[in-house]
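K.L.:
For reference, the chains in residue letters:
There are 2 protein chains.
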Amino acid sequence: MRFLEKLAQAIDKNRSLLCVGLDPDPGLMPPGLGVFEFNRAIIDATADLVCAYKPNIAFYEALGRDGWDTLKLTRDYIAADIPVIVDAKRGDIGNTARAYARGLFDYFRFDATTASPYLGLDSLEPFIAYHDRGVFILCRTSNAGAADFQSLSCETETGVKALFEVVAGKVALWNKHGNLGLVVGATYPEELRLIRQGYPEMPLLIPGVGTQGGELADTVRFGVDAGRCKTIINSSRQVLYASKGKDFAAAARIAAGELRGRINEILAGSPS
Amino acid sequence: MRFLEKLAQAIDKNRSLLCVGLDPDPGLMPPGLGVFEFNRAIIDATADLVCAYKPNIAFYEALGRDGWDTLKLTRDYIAADIPVIVDAKRGDIGNTARAYARGLFDYFRFDATTASPYLGLDSLEPFIAYHDRGVFILCRTSNAGAADFQSLSCETETGVKALFEVVAGKVALWNKHGNLGLVVGATYPEELRLIRQGYPEMPLLIPGVGTQGGELADTVRFGVDAGRCKTIINSSRQVLYASKGKDFAAAARIAAGELRGRINEILAGSPS
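Protein sequence lines correspond, in order, to chains F and A. Numbers 0 to 271, taken from numbering that gives the first Met the number 0, label the letters of the first sequence in order. Numbers 0 to 271, taken from numbering that gives the first Met the number 0, label the letters of the second sequence in order.
These aren't lab readings, by the way, just hints derived from the structure by calculation. If you're wondering where the values come from, they're calculated on a predicted model, not measured in any experiment.
Copies of the same chain look alike in the list, so a pair counts if it works inside one copy or between any two.
With a cut-off of at most 20 Å between alpha-carbon atoms, the simulated SDA-like pairs for lysine to any residue come out as follows:
no., residue 1, residue 2
1, K169, A143
2, K245, R39
3, K160, S150
4, K243, N94
5, K169, S150
6, K175, G144
7, K243, G31
8, K169, S152
9, K71, A40
Given only the sequences and the hints, what does the whole structure look like? Please build it.
P.N.:
Written as structure tokens, this is what we have:
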């Protein structure tokens, strides 16, 4: 099944646009718990509340060789009907990008990945070539430093545009197989609105609600597509670390349920 | 010891600006050989001819869990006086970048890494914070798609500049601890000249000679710094796969020796 179909089915089944970021940080986790055990408990507690999971590979690389095994165990533990997006932000020249794609798509069997645009189309093609997988290109990221380059005014054939808008336009042009999307942070609502208005059918992965400060109402109103099947709103720390005690999984379930509910309430109050 | 000192000592000891990229691709390696055995033979054959090694992490990720172990074994096998630059091209928001930095600098103990500029300064700070390690920021990459974004004309306070020039300028400003450098591909000699002229003291990592087509004479004349201690010229496939037979290590030694020799000949013919 293609990524977008799988995503739409998961959104429909769980009535959820919420993605939980599986970013295990031993310094924030309940003491004495293994990383896979932590992830398993989070997944068990939230699997009927999410449209996707998004492990950021950095948190597994930080664990050394055990991290690699933990990431594989975690990916394999997630039920086949929930898409898993690896947040890898990869970007390298062609033969190297092919190696990354093999690792992420063949070995780990992730349904989608994030990728960096800086190296251009040929660095993305090895990922795009997997037509049944999704590729979310970084457009406007959620961090404070995003503006350093992403907001630069660039001269284009159709006038001056911010770099992140140029990225969005190129990705839309390159989307010949319908498996591309954009990463646009919740922390920049005006930029999110601009991208959604310009590309109403583009899948958007929106990180940055919760701990990073993105306001949920603006995120939903500005970011969700009309069909409500191509938008993924990610929360990591707000769910994972809702409690640092033994009740962490129950607290994560409550936090995820509240987020899902608030997103759906805001949608119910908006014209679809 | 700080990265640049270690690099300068290795350049001096081996009279070499050549870095060998340790990018093992089982499809190109002699059949029946394990990846670590391949790397070990390449290292044994070239350790007195190089100023650094540069494993690209993608080729290890493509191997799954064994790849992680192989990368650690490879890194640990390289003598302590030869700097090892991991080509990781990482770039993510602060808490995630910290996890990447822990993995690359604490677990693997790499001397330097490459990083992507797209997310801005706060995505680089966790790497920069390791003052004894080097961080090479992607500026103008060696691939054909580089121009898609890196050549965009950007409006700045000091006039219109290509994006890669803006990146170089910001990195120079951010280089408060003297541990930053730039990646500029050998396949774009005019861009390389522009960056070296603009930033004579900036460490440059220059991939793309050999298989990728970068012309060595231009690379050396345009890219090498006056002190000849802050420039790293990388070749991967031309050395690793000089022969696919049982003589691969001897052939790699010959290829590396010829490259080192040609670089030194070109330098000898240039005003220093």
